[in-house]
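Work out the full structure, taking the sequences as your base and the hints as a guide.
In full-length UniProt numbering, the protein residues as written are 1 to 474.
Hints are computed from structural coordinates only; laboratory data are not their basis. No residue lacks a Cβ here, since even glycine has one placed at the ideal position from N, Cα and C. Worth double-checking, as some hints may not be accurate.
[What the hints assert, rightly or not] Simulated restraints, written as ranges between beta carbons of each label pair: (1) Asp-51 - Ala-350: 42 to 52 Å; (2) Ala-404 - Pro-351: 23 to 33 Å; (3) Ala-295 - Pro-463: 20 to 30 Å; (4) Pro-235 - Ala-350: 14 to 24 Å; (5) Asp-397 - Gly-135: 15 to 25 Å; (6) Pro-351 - Gly-326: 17 to 27 Å; (7) Glu-293 - Glu-36: 43 to 53 Å; (8) Asp-63 - Arg-393: 41 to 51 Å; (9) Ala-404 - Ala-368: 22 to 32 Å; (10) Arg-365 - Asp-51: 42 to 52 Å; (11) Gln-355 - Ser-7: 46 to 56 Å; (12) Glu-36 - Asp-306: 39 to 49 Å.
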Amino acid sequence: MIAEYRSLDALAIAELVRSGEVSASEVLETAIALIEACNPDLNAVVETLYDQAREAAAGALPDGPFTGAPYVLKELVVSLPGARTSFGSKLFANNRPQIESEIVTRYRKAGLVFAGKTNTSEFGLQPVTEPHLFGPTLNPWNRDRSPGGSSGGSAALVATGALPMGHATDGGGSIRIPASCCGLFGMKPTRARITAGPEGGEGLAGFANQHAVTWSVRDSAALLDATQGPLPGDPYFACPPTLSYLEQARRDPGQLRIAYSTQAPNRTAIDADCVRATEEAARLCESLGHIVEEAEPEFDVKDVADGFGTVFQANTAANVARATGGGLPEDGMVEPMTRAIAERGMAMSAPLYIQSLQALHRETRRIAQFFTRYDVWLTPTLATPPPPIGKYRTDSDNVDEWLAELMGFIPFTYLFNVTGQPAMSVPLGQSTDGMPIGCHFAGRYGEEGLLYALAGQIERAQPWFGKRPEAYPL
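Spelled out as structure tokens, the structure:
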């Protein structure tokens, strides 16, 4: 059962459950066994939900696209009644919401069964997953390396094959970073594609998104079909797709104009392995019939980076203030870096914040002009392969140093949180020491369907589903 289970994506598992070949309970017990086998090594799951999962699997599950498929929720943002949502912080270690996030309700209606909550960096601030509250999550490809962050718990677990997909969020790259580090597919949807309700209208001034890390393109597409769309009262929402994302993932994308670049906009150094992977991806796209040429958008990189930092500082201050009533928390309740970022946010003036948003909107329009000439922009996902555990120090309080180091690692991903455009990391590369490397494809606002069509074409041409860490082979 285990070998067959790990060779299937979530849609295929659901087909077996609906046909009666296996029961949802049998599938769940297989997933639990695999979680229990790998989690002591990796520290990916920080709260198990086995009792309620067993009750759900034994009951009348909805007839949805993922009926009986097991799933995990990230320990950030989403609320599941009775389950902890700590945001990876001691400040919220006892937070157990009684409300259910709309995305969780839509997951239920799609037939998913929740097996646990997964590790995240504190408030999702770090591009790795090493919170003081839970300790570091390790990369199953090499336990000395990070699985990335802040959705590293979900990505590490999915990379082992314990689950076919897992919930992830993305405010600066937190779907695409761990997808790249763990050899998975990760789509960040268009801004407001999935509602943030009922708890909020938007996250991080619209930077934040929710979706998943998956093995297959079609799982990602079908999951977005099941979760996309607004709630009444949302401040804004993306136009609905004309075709289902699953259907678009199966279609030929036609001939696309693809620009590629191996230079970071901020001119930070890009690792030779990441450059090589991007160049190989460009050649692959050319072999598939696309027009590929080297080009990059022109915009004020400093204004975008500064504005991005301003939004994160202000929102961290607001997140902390929810628990404290407005001030800084007691020593030890948040990590030193989080405290320093929150302190910056609390000292920020309202005019500075608004001016930063205005600058980001201006530069977004400049970047959007590039996509009137090109359908897709291809780059490395990250500047380096997966970093060593401990590289990003949360015990520091030097915010400027943190921002510089962050922008040196994620020079491409955060841009599309600022612009709201969809972007995906596709697992096409490998470093000389055997670590996964993702290639980053960004598209026009609202055009996830085109990216899914391209991803499906790439997946058919150069499949990655069977590539697993040596410690967790198929």
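I want to verify a distance hint. Is the separation of the beta carbons of Ala-404 and Ala-368 within 22 to 32 Å? 27 Å, holds
Check the following: the C-beta atoms of Ala-295 and Pro-463 are separated by a distance inside 20 to 30 Å. 29 Å, holds
Determine whether the Cβ-Cβ distance between Asp-51 and Ala-350 falls within the hinted range of 42 to 52 Å. 47 Å, holds
That 41 to 51 Å hint for Asp-63 and Arg-393 (C-beta), does it hold up? 49 Å, holds
Note whether the CB distance of Pro-235 and Ala-350 lies within 14 to 24 Å or breaks it. 19 Å, holds
Holds or violated: the 15 to 25 Å window for the beta-carbon distance between Asp-397 and Gly-135? Given about 21 Å between the Cβ atoms, the range holds.
CB of Gln-355 to CB of Ser-7, is that within 46 to 56 Å? Check passed, 53 Å falls within 46 to 56 Å.
Look at the Cβ atoms of Ala-404 and Pro-351 and judge whether their distance stays inside 23 to 33 Å. Holds, at about 25 Å.
Taking the CB of Glu-36 and the CB of Asp-306, does the distance hold inside 39 to 49 Å? 46 Å, holds
Check the following: the C-beta atoms of Arg-365 and Asp-51 are separated by a distance inside 42 to 52 Å. 51 Å, holds
Honestly, do Glu-293 and Glu-36 meet the 43 to 53 Å range at C-beta? 50 Å, holds
Cβ separation of Pro-351 and Gly-326, checked against the hinted range 17 to 27 Å: Roughly 20 Å apart at Cβ, these two residues keep to the hinted range, so it holds.
The structure agrees with every numbered hint stated previously.
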